[in-house]
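In order, the protein sequence lines correspond to chains A and B.
Count along the first sequence from 1, then add 139; that gives the number in this note's numbering.
Count along the second sequence from 1, then add 3; that gives the number in this note's numbering.
Derived from the structure by calculation, the hints contain no laboratory data.
Heads up, the beta-carbon is just placed ideally off N, CA and C, and yes, glycines get one too.
Please note that the accuracy of each hint is not assured.
Pairs of lysine to aspartate or glutamate residues, derived as DMTMM-like cross-links and limited to a Cα-Cα distance of at most 20 Å, are as follows [unchecked claim]:
id, chain 1, residue 1, chain 2, residue 2
1, B, K162, A, D349
2, B, K162, A, D354
3, B, K367, B, E444
4, B, K162, B, E186
5, B, K214, B, E203
6, A, K358, B, E155
7, A, K358, A, E346
8, B, K214, B, E186
9, B, K367, B, E377
10, B, K162, A, D352
11, B, K367, B, D441
12, B, K162, A, E346
One-sided excerpt, in silico: chain B residues whose CB lies under 10 Å from chain A [as the list claims (entries may be wrong)]:
id, residue
13, S61
14, L64
15, E138
16, L180
17, P210
18, D239
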Amino acid sequence: MAFSGLSLYSQAVLLLAGLIALTSFLMLGQSRLVRLVLVFALQGILLAATTAMVAGALDFPHLYVSAGLSFLLKGILIPVMLHRLIHRLGLHRELDTIRHPARVMMGGAFLMVFSYYVSLPVVAHSPLVTLNAIAVSLAVVLLGMLLMITRRQAVAHVVGFMSIENGLFFAAVVSTYGMPMVVELGVAADVLVAAVVFGVFFFQIRESIDSLDVDRLSKLSETDRT
Amino acid sequence: MIAVYLVLLIPLAGMAVLGLAADTRHAGRINVRCNALALAASIWLAADVLVHGPRLSSGQLLYIDSFNVYLIVLTAFVGLTTSIFSGPYMAHEQETGRVNAGRLRLYHSMYQGFMLAMYLVLTTNNMGVLWVAMEGATLATVLLVSLYRTPESVEAAWKYFILCGVGIALALFGTVLLYFAAEQKLGIGGNALLWTVLHENAGLLEPSIMKLAFVFLLVGYGTKIGLVPLHNWLPDAHSEGPTPMSAILSGLLLNDTLYAVVRCKMLVDGSLGTPIAGYLMMGFGLLSFLVAALFLHRQTDIKRLFSYSSIEHMGLMTFAFGIGSPWATFAALFHMTTHSLTKSAIFVTVGHAAQLAGTQRMDKIRGLILTQPEIGWGLLIGTVAIAGFPPFGVFASEFLVLIATMRDYPWLTPLLLIGIGVAFAGLFRHLHPMVYGDIPEGQNAIPANLLPVMIHLALVLWLGLSIPGFLGNWFSQATQLISGASPL
Numbered sequence: 140m141a142f143s144g145l146s147l148y149s150q151a152v153l154l155l156a157g158l159i160a161l162t163s164f165l166m167l168g169q170s171r172l173v174r175l176v177l178v179f180a181l182q183g184i185l186l187a188a189t190t191a192m193v194a195g196a197l198d199f200p201h202l203y204v205s206a207g208l209s210f211l212l213k214g215i216l217i218p219v220m221l222h223r224l225i226h227r228l229g230l231h232r233e234l235d236t237i238r239h240p241a242r243v244m245m246g247g248a249f250l251m252v253f254s255y256y257v258s259l260p261v262v263a264h265s266p267l268v269t270l271n272a273i274a275v276s277l278a279v280v281l282l283g284m285l286l287m288i289t290r291r292q293a294v295a296h297v298v299g300f301m302s303i304e305n306g307l308f309f310a311a312v313v314s315t316y317g318m319p320m321v322v323e324l325g326v327a328a329d330v331l332v333a334a335v336v337f338g339v340f341f342f343q344i345r346e347s348i349d350s351l352d353v354d355r356l357s358k359l360s361e362t363d364r365t
Numbered sequence: 004m005i006a007v008y009l010v011l012l013i014p015l016a017g018m019a020v021l022g023l024a025a026d027t028r029h030a031g032r033i034n035v036r037c038n039a040l041a042l043a044a045s046i047w048l049a050a051d052v053l054v055h056g057p058r059l060s061s062g063q064l065l066y067i068d069s070f071n072v073y074l075i076v077l078t079a080f081v082g083l084t085t086s087i088f089s090g091p092y093m094a095h096e097q098e099t100g101r102v103n104a105g106r107l108r109l110y111h112s113m114y115q116g117f118m119l120a121m122y123l124v125l126t127t128n129n130m131g132v133l134w135v136a137m138e139g140a141t142l143a144t145v146l147l148v149s150l151y152r153t154p155e156s157v158e159a160a161w162k163y164f165i166l167c168g169v170g171i172a173l174a175l176f177g178t179v180l181l182y183f184a185a186e187q188k189l190g191i192g193g194n195a196l197l198w199t200v201l202h203e204n205a206g207l208l209e210p211s212i213m214k215l216a217f218v219f220l221l222v223g224y225g226t227k228i229g230l231v232p233l234h235n236w237l238p239d240a241h242s243e244g245p246t247p248m249s250a251i252l253s254g255l256l257l258n259d260t261l262y263a264v265v266r267c268k269m270l271v272d273g274s275l276g277t278p279i280a281g282y283l284m285m286g287f288g289l290l291s292f293l294v295a296a297l298f299l300h301r302q303t304d305i306k307r308l309f310s311y312s313s314i315e316h317m318g319l320m321t322f323a324f325g326i327g328s329p330w331a332t333f334a335a336l337f338h339m340t341t342h343s344l345t346k347s348a349i350f351v352t353v354g355h356a357a358q359l360a361g362t363q364r365m366d367k368i369r370g371l372i373l374t375q376p377e378i379g380w381g382l383l384i385g386t387v388a389i390a391g392f393p394p395f396g397v398f399a400s401e402f403l404v405l406i407a408t409m410r411d412y413p414w415l416t417p418l419l420l421i422g423i424g425v426a427f428a429g430l431f432r433h434l435h436p437m438v439y440g441d442i443p444e445g446q447n448a449i450p451a452n453l454l455p456v457m458i459h460l461a462l463v464l465w466l467g468l469s470i471p472g473f474l475g476n477w478f479s480q481a482t483q484l485i486s487g488a489s490p491l
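Here chain B stands alone, though its shape is the one from the complex (with noise of 0.2 Å):
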């Protein structure tokens, strides 16, 4: 259990490092160290958890199963990787003037932040501390999203800021409902929050009340997810503030809220015995990939492009976890992994992709490939994966969502297949002239690093051809927590 402390305590120490020492020019390498540091923390956790099995801290208050802690692997590598992007490409963004020194600490810094606020919500027990390691990490991102200061981004960070702020609040009301059906047959006391301890005894709660609980629960997360209606400050978020804080948004902040919504529904479904929740979760996400996959089709902006496709993804997810057999569950599991990869190795090309226009209007970039053929590769194959071809991971999910949308609810994979037909045709619209095309006047190659996109790139690549034993394991322990049964 050592490591589940490291794990909190790294990114602690790198906030404070970075916020009140460090020098800025080796931030960004500082960073990375932390970072790297986390992740071998989170993989000496992940054995250990692998060894032992479920492990809970003396006190309670940390909690790792096989759920969560593929999940804080999955969140230490994606923030490993970013950071790594985030240093030359912040050092870039100094250079040209749209950010000074101060604003780049306070970037650094609340990175850390952001990250100790993800594995908060994934290691902790109590349900009221999830909700506020949630809310932390609003704070934590929403500086940084008005972090070049013009009128849009100060706008796009007001709107996340208040929209956020309030849909959370009612995921709070949703925990203390919650907290208020334990605790009439539990007793007053401390636990009545804590997770394991609601789990075990979710036949005795209340189910009138746990089903007023979770919509407050689904529609205040959900906001966070990115959830149609919800999703509006979704895309300008992720298009105003700096890149490397999209891809971490997008790979790690929207599944980690997922991750909540799951754990709250095994709550509730075991509390009311029906698949009422299953259903709300079904509907929202449907309606979020159908939508998301039509407004892909209107944009003209690169980053709000693949923030749609992001609400795209999470709806597919949230609509797997929504139906909650073993298949579709373990489907979900593995396309979390997969988007993740994918989406913040998207984001990283697509980062370079606008330094290297001067701009994110996609009628403005064009000839990536010819001006610099590693990026116009690297957003070609990052687009073709995350469209869901074969031979890619995403591929191999969305497959896995589709054959356990046949196997229960045969009427709804052709609204999916559509779904999918449609995102794909809005993606490579707008890929297609921005990777070949004619190389604008005055477009030179920039100093780009690459080597995070390849090793996402060649995961998802790898986990399309075969998905690993050990992962396969992993995804059907989990699958057998959240659904009761597994598939393999």
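Just chain A, with the same shape it has in the complex (with noise of 0.2 Å):
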């Protein structure tokens, strides 16, 4: 189908889909934690904004509800957690090394293509929207898991873990129009939990390590440790 074919509302999505794969990608491109933070808080108001696009374009008022806290959890609240502890930990001046940073920027390009074969099975049912939703969906997913592979820095690793979620959530609202008012109001809560206790686990992790490079966890192995 041409893309001119299409109604303002799917052309209003796909952009906003193709926006946050972008997002993704600036953050497995970002070694400074501070920008890294900022991306996905980029990312967290994106997500927020389709979800009030679906809700006014298609009559979903319930939808309002999961755009606001969205809006508040992912776009302001959690980032700017994670910034102040940054700061609080004295992280932001330091730099996040990629090992290979075009090794990774391939591996990212080959799992978006890799989720769009994935999501084959879902064309034959579903209009091109829901197609490109749950495929790009699956790529942020897949992305976030992959900024966790190559990351050392633990606040990188919970920007990731969050990341994954946003990419959940853009599944849910685009294809489905938002998961049934009671999950999503769980999953909230579990989100702002996990958020609060990775911040106490950097302090952990910070004292018994004293750095919060996670590669340096490294005293349990599968065998002996003496």
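Using the hints, put the two standalone chains together into the complex.
This is how it looks when you write it as structure tokens:
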């Protein structure tokens, strides 16, 4: 189907999907933690905007609640919290170097293609918008994982983790017009608690290894550790 | 239906009281009382379901049938006996200075929080809420794994948090796909995630999407069951956290996650009409079973040893549920019960043994039976039971799994037999020197409460000698729900 043949709503969803995928790639290549958190906040705001747009365009008022929650939690609260933690732990000047940036980016591109391949069975049963939404959200999930694999800083891991949740929410909003309210609230509560627990952990990790470089958490091994 | 609300409200109240108000000296006792009340409520609920059949709460949020009600009773029972053990155990930890009052408060509050999450997983009718409760269980336990604040425990907790968090995120993606498939047929609305609705309409759901959803659900929840190769967090979390936590993680969390997978499998089977979901579970299960059996040989830490044994048994159950015949399902349900009872008893004894020796290293734990006979015998009998010796219940259930495999996939039985043999050897080569042998210098008996162990092992022995009639009926009702026919 030609892009111009789509409704304005579909075009907007596709654009937002593209932007969200772009933020995931930006995170993948970003080595300064402060900027990483900033891009993450941007992704959260884009997610909230998508939700609000779906709510308005298709008239699902309950989605406004979920848009508000996304905006507050993922656009403001969690990024601000992470930002303050970075400053308190003195990490704002530190560079989290990526060992093979080109390979990581290629890996990301591969994951994107892979996600479209996996979502193929969905094509037959749904419009273009849903297919793109599911493929992009799966890609955001996988890119979040890649981010976690390639980084050594605990803060980057948390950002990856939270961006995985963003991807899932995007799928839920665009392909199914949001999960039932009770589930959305539950997931939001879980995310909030998880963020607080992560904060607690930063201090515990720092206390135990004197940095937040989780590569140095390597005492536990499969066999003997004498 | 009042009972089901009680089952959920008691731990909620317990969490609030223990977290906010309670004096730490009484916290252990309050914890025991909350669990005792929850057990009473769960038995009431079970009687109700046994008389009236499956119950659906108003608003369709909670659904109880014979499959989950037996797990609720089992959860409440193991929760109670473990809390009886945890009171004096944690008091001893406080005396030796490994935890302070604040962390003890966190411990007790989160114990109830974990129980709440487990009951919610079992009672909810909504696949999304099930996911939320499962993530809640991770959040409730993750701070407990790092309770001692040693570098190892912080590392274990971090690994647990990241791996289970990411794993379970995949399960959420599976749930979204499930909702997507259901919504296309059932229309937009809150009902499309209700298990009862989905199960009724499973035939309508789009097979290709359901297949994709199941892969995500299995991998996601499989991380939490500890299926190989996603099991990495499990031995670490079990070995570094406080021992009562290991007992309830092994005895309850793994079971209840497997329960979630079986619920999903029922939907996918209904939609696909082919055994592909079963094959996936059989593959993962068998791999976990064999790999864990081999890893038993290389362990040096007593709690890691038994956590690998948990992976092995969960693998066996996943395998049996994967076969999906009435016999295999019956065997898997039975094995869930016997494993859960035996494994929690073993972790209780292991906790005492480690306190006695002052270490978890197996080459330092010696002469248990001479120092404190009840701990030595408890560990010996527990290990005999978990290794699958007759006349204990684990023997009976493993034997049933073997028979079921022999009927449907005879060429897989040798693999199972080899796995059981290897695991048996792995457990006993470590056990023998720990139980017998000379007493090291300065090892003295400690105050220990082995009542939970004795009750559990007596029950396992009883189950091995004869399955009581009502329990047999119960299992066969559940089998009928899961696989559509009953073996009895």
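Checked hints:
1. B:K162 / A:D349: holds, 18 Å
2. B:K162 / A:D354: Roughly 11 Å separates the two Cα atoms, so the pair holds.
3. B:K367 / B:E444: Satisfied, since the Cα-Cα distance of roughly 11 Å is no more than 20 Å.
4. B:K162 / B:E186: violated, 36 Å
5. B:K214 / B:E203: holds, 18 Å
6. A:K358 / B:E155: holds, 6 Å
7. A:K358 / A:E346: holds, 15 Å
8. B:K214 / B:E186: holds, 16 Å
9. B:K367 / B:E377: holds, 19 Å
10. B:K162 / A:D352: holds, 13 Å
11. B:K367 / B:D441: The given pair, whose Cα atoms are some 11 Å apart, holds under the 20 Å limit.
12. B:K162 / A:E346: The hint holds at about 17 Å.
13. S61: Status violated, d = 15 Å.
14. L64: holds, 8 Å
15. E138: Because about 5 Å separates B:E138 from the closest Cβ in chain A, which is inside the 10 Å limit, the hint holds.
16. L180: holds, 8 Å
17. P210: holds, 9 Å
18. D239: Since chain A brings a Cβ to about 5 Å from B:D239, closer than 10 Å, the hint holds.
The earlier numbered hints that this structure contradicts are 4, 13.
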